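A.B. asks: Sequence:
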Amino acid sequence: MSDPIQGTVLPKFDPKDIADNRIVAAISYLSILFLIPLVFARGSRFAQEHSKQGAILFICWVIGSFCFWIPLFGWLAAVILFVVNAYAFLECLNGKFWEIPYLGKLREKIKL
Numbered sequence: 007m008s009d010p011i012q013g014t015v016l017p018k019f020d021p022k023d024i025a026d027n028r029i030v031a032a033i034s035y036l037s038i039l040f041l042i043p044l045v046f047a048r049g050s051r052f053a054q055e056h057s058k059q060g061a062i063l064f065i066c067w068v069i070g071s072f073c074f075w076i077p078l079f080g081w082l083a084a085v086i087l088f089v090v091n092a093y094a095f096l097e098c099l100n101g102k103f104w105e106i107p108y109l110g111k112l113r114e115k116i117k118l
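Heads up: take any position in the sequence shown, counting from 1, add 6, and you land on our numbering.
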């Protein structure tokens, strides 16, 4: 696993919170469904942090949708974004928090 970017602090989570909310948190990485943990897991810090990252990825998909039609560059960007989404989803299902490189720092700026 990659080291966190310097200057970022990865949050610590309660093991019970992870066990109870990892599936709801994983839903955050499925497009606009990042809203589900915001509504149904308000008390879960684990789900909220994943929801913030899911929102950032969703915004990247929306912005990227204007670039994906560009040959080679757009396709490469779409594949990279898909792989990042899939990896974050799987890490979440395994009860881990993976901060997305470069984009994960934006998570700290989102206040819920």
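These are calculated hints, taken from the structure and not from any lab test.
Check each hint, because a few of them may be wrong.
[As the list claims (entries may be wrong)] For lysine-lysine, the following DSBU-like pairs were computed, each having C-alpha atoms within a straight-line distance of at most 30 Å:
1. K111 <-> K18
2. K22 <-> K117
3. K102 <-> K117
4. K22 <-> K115
5. K18 <-> K115
6. K111 <-> K22
7. K102 <-> K18
8. K18 <-> K117
9. K115 <-> K102
10. K102 <-> K22
Owing to the predicted nature of the structure, the values given are computational and were not obtained by experimental measurement.
A.B. asks: Out of the numbered hints, which ones does the structure contradict?
C.D. replies: Hint check: nothing fails, all pass.
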